[in-house]
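*Asks:* Spelled out from the first residue to the last, the chains are:
Protein chains: 2
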Amino acid sequence: ETSAKIIDGKLVSGQIKDEVAAEIARMKDTIGIVPGLAVILVGSRKDSQTYVRNKKKACKAVGINSYEVNLPEDCTEEEVLKHIANFNDDSSVHGILVQLPLPRHMKEENILNAVSIEKDVDGFHPLNIGRLAMQGRDPLFVPCTPKGCMELLHRYDIEIKGKRAVVIGRSNIVGMPVALLLQKANATVSMVHSYTKNPEQITSQADIIVSAAGVANLVRGSWIKPGAVVIDVGINPVDDAESPRGYRLVGDVRYEEACEVASAITPVPGGVGPMTIAMLLSNTLESAKRIHNFK
Amino acid sequence: ETSAKIIDGKLVSGQIKDEVAAEIARMKDTIGIVPGLAVILVGSRKDSQTYVRNKKKACKAVGINSYEVNLPEDCTEEEVLKHIANFNDDSSVHGILVQLPLPRHMKEENILNAVSIEKDVDGFHPLNIGRLAMQGRDPLFVPCTPKGCMELLHRYDIEIKGKRAVVIGRSNIVGMPVALLLQKANATVSMVHSYTKNPEQITSQADIIVSAAGVANLVRGSWIKPGAVVIDVGINPVDDAESPRGYRLVGDVRYEEACEVASAITPVPGGVGPMTIAMLLSNTLESAKRIHNFK
Ligand SMILES: NC(=O)C1=CN([C@@H]2O[C@H](COP(=O)(O)OP(=O)(O)OC[C@H]3O[C@@H](n4cnc5c(N)ncnc54)[C@H](OP(=O)(O)O)[C@@H]3O)[C@@H](O)[C@H]2O)C=CC1
Ligand SMILES: NC(=O)C1=CN([C@@H]2O[C@H](COP(=O)(O)OP(=O)(O)OC[C@H]3O[C@@H](n4cnc5c(N)ncnc54)[C@H](OP(=O)(O)O)[C@@H]3O)[C@@H](O)[C@H]2O)C=CC1
Chain U
1 ETSAKIIDGK LVSGQIKDEV AAEIARMKDT IGIVPGLAVI LVGSRKDSQT
51 YVRNKKKACK AVGINSYEVN LPEDCTEEEV LKHIANFNDD SSVHGILVQL
101 PLPRHMKEEN ILNAVSIEKD VDGFHPLNIG RLAMQGRDPL FVPCTPKGCM
151 ELLHRYDIEI KGKRAVVIGR SNIVGMPVAL LLQKANATVS MVHSYTKNPE
201 QITSQADIIV SAAGVANLVR GSWIKPGAVV IDVGINPVDD AESPRGYRLV
251 GDVRYEEACE VASAITPVPG GVGPMTIAML LSNTLESAKR IHNFK
Chain G
1 ETSAKIIDGK LVSGQIKDEV AAEIARMKDT IGIVPGLAVI LVGSRKDSQT
51 YVRNKKKACK AVGINSYEVN LPEDCTEEEV LKHIANFNDD SSVHGILVQL
101 PLPRHMKEEN ILNAVSIEKD VDGFHPLNIG RLAMQGRDPL FVPCTPKGCM
151 ELLHRYDIEI KGKRAVVIGR SNIVGMPVAL LLQKANATVS MVHSYTKNPE
201 QITSQADIIV SAAGVANLVR GSWIKPGAVV IDVGINPVDD AESPRGYRLV
251 GDVRYEEACE VASAITPVPG GVGPMTIAML LSNTLESAKR IHNFK
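Residue numbers (this note's numbering), protein chains in the order written: chain U, 1 to 295; chain G, 1 to 295.
The hints are simulated quantities; they were obtained by calculation from the structure and are not laboratory data. The structure displayed is predicted, hence computed values, not measured ones. Among the hints, a few may not be true.
Selected chain U positions facing chain G (Cβ under 10 Å, derived; list incomplete) [as the list claims (entries may be wrong)]: (1) G32; (2) N128; (3) M134; (4) R137; (5) H154; (6) R155; (7) I158; (8) S171; (9) T188.
Heads up, simulated BS3-like pairs for lysine-lysine below, C-alpha to C-alpha not over 25 Å straight-line [what the hints assert, rightly or not]: (10) G/K225 with U/K197; (11) U/K161 with G/K197; (12) G/K46 with G/K56.
All residues carry an ideal CB built from backbone N, CA and C; glycine is no exception.
This is chain U alone, in the form it adopts within the complex (with noise of 0.2 Å):
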C-alpha cells in the first residue's frame, strides 16, 4: 500500500518553465533584451550530446537564445578557454556552461574557473561556492541541481528550519551543495559519504533524506523514518531484460518500500530529474536580469 505523497518535478518544473517564460516576455517587452546561453560541449559523449540538445531544446521553449560549441575530443585546453573568453565578452550571452565530463587531458578546474562569476549559471566556481558556504553571503547563481532539490521541498510547503536532515553524497555539483542549501536553511544537516558506517543509524533519525550517491538500491525503507520527506537525486541504470535498451533508470532509493514510510517521495524518473533543466532556465534569466539591472 502506497501512502507517500509523489513529490511531482514533471508538474514543478513545468510550472517554473512557465514562469521563466513569462520573465522572459516581460522582459522581452519592456527593454528589449533576450537572455542568451551558450553552452560548450567537447568531444562526441552520446550523453553528453543528449544533454546538451535537451538544455537548449529547453531554452528554445521558454524563448531563451541559445548558442552552441562544440570542440573536437582532441582539441586544446587553450581553444576551450578562447571560446569561453568570448562568450565572457559576448553582451547577448547571459549564461556559459561548460557540459562535464571534459575529456581527461583537460583541466576542469582551470576550465571552470575561466567563466566570468556573473555568467557562471551552473554555479560551479568555487567563488560561488565559498558565498554559498558563507553566513551572511550570497552566492550569485545557485547550482542547478541542488536548487531544483530546495525548490521541491519550498513548493510542497516543507518545512527545513529545525529539521534534521541528512545528504548521502558530497560531489561539489550534488551533495555537498545541498548540505549548504539546506543549513543555510536552518536545518541541521550530516553528509554521510562513501566512509560513512552504518549510515542507516543516521538517516533514520532524518526528517528529510536527499540522496545523491549514485548507488541503486541504496537507501532501503528501513532507513527511513516513517514520516520522512525523500528527495532521491539518484538516477542509476539497472539491468532489465524487458526494457527495449536492456536497462532502465532508477533512483539511489528502493521506492516502492520507501512508499510505505516516507510522507512524501520524489519519483525517479519525474523528480529531481527535470528541476535541474528548469533551474538552468531559472539561472539564465536571473542572470540577464541582473546583467540589466532588470526587476
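Take the given structure of chain U and dock chain G with the ligands to it, following the hints.
*Replies:* Showing chain G with the ligands alone in chain U's frame:
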C-alpha cells in the same frame, strides 16, 4: 575522578612555533628571505589591541617581520583598502591580516575580499572557503582556528576517517570551516547550531565533538559519548568574584563533567586558544615559501 587525557594546546603550539622558527632560519640562510606579516587594526578596541600585540610578539619570537597599520575608528573604507593594496604589492609582505571586528560603517566583505588570495593567511576569502568546501580542490590557506583544531587531533593521533563528528556552531571563522575540514578528512559530520532541537541527541552519538558556540557550560557530561574526543573552541567570560578582574574565561564544555566521560579533551585556556596564533605563523611561513618557491 578525572580520566580524560588532556590535549595540551600550549605544549603543541610551542612545538609548532619551534618548527616554524627552524624553517624560517633555514629559509633565511638558504635564500635570504624573511617572511613578513602585515596587520591592519582599525579603531581602538582593547581586545583587538591585545590580539594584535600578541600576534606581533609571536611573530618576533619565530623570526617573522611584522608590519602594523593603526587606523582611527572613523577612517574610511577607502583608506583601509589603500593600505591593503599597498601590502598586496609589497614583496616583503607574505601575509595580510585585518583584525576583526571592523567598525560598523565598513563592509567586512569588501575589505576581506580586497586581500590578495596569495596573502590571505587568515583564509577568510570566499574563494579560499570555496576551495575548502570542494572535493579535489585545496585552499591556499586553512583558517587558523580550524587548522589548530585539526592539528591537535593529528598530533594526538586521533583517527578521523570513518568517525562520527559533530561541530557545534557554524560561523565563517570557526564552525563552518572546521566541519568542512573534518569532512575532507572523511569523518561523517553533523553541524549543530542555534536552530538545532535536542542537540544532545546528536552530540551523544559523536566520536569527536568540536564546540564553537560561544556559550559557557553548553556541553554537559551527558552530551558526550563515553570515550569521545572533545575539542572546546569556546572562550567565554563568566562572573567570578574571586578573580581580580571579576570574571574568568571558560569554554563551551563543562570541563569537570566532560573529563569523566571523554577519552581526551582540550582545556580552556591552554587548548585551542594558543593554537590559533601558532597556525597564523605557520600560514605566514607557508605563504613565503610558496611565493619564493622554497621547499
Ligand atoms: N537529477 C539530476 O538532475 C542529477 C542527477 N545526478 C545523479 O545523482 C547521483 C550522484 O551524482 P554525483 O554527485 O555527480 O556523483 P558522484 O559520484 O560525484 O558522487 C557520489 C557521492 O556519493 C557518495 N557515495 C558513493 N557510494 C556511497 C555509499 N554506498 N554510501 C554513501 N555514500 C556513497 C560518494 O562518497 P565519496 O565522496 O566518499 O566518494 C560521493 O560523495 C548520480 O546517480 C547521478 O546520476 C547527478 C546530477 C544531476
Ligand atoms: N580558541 C580561539 O582561538 C578562538 C575562539 N573563539 C571562540 O569560539 C566561540 C565561537 O566563536 P565564533 O564562531 O566567532 O562565534 P559566532 O557567535 O560567530 O558563532 C556562534 C555559532 O554557534 C551557534 N550557537 C550559538 N548558541 C548555540 C546553542 N545554544 N546551541 C547550538 N549552537 C549555538 C550559532 O548558531 P547560529 O548560526 O544559528 O546563530 C553560531 O553558528 C566563542 O566563544 C569565541 O570566543 C573564536 C575564535 C578563535
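*Asks:* Each hint: holds or not?
*Replies:* Hint by hint, here is what the structure shows:
no., hint, verdict
1, G32, "33 Å, violated"
2, N128, "7 Å, holds"
3, M134, "5 Å, holds"
4, R137, "6 Å, holds"
5, H154, "17 Å, violated"
6, R155, "22 Å, violated"
7, I158, "16 Å, violated"
8, S171, "7 Å, holds"
9, T188, "4 Å, holds"
10, G/K225 with U/K197, "17 Å, holds"
11, U/K161 with G/K197, "10 Å, holds"
12, G/K46 with G/K56, "15 Å, holds"
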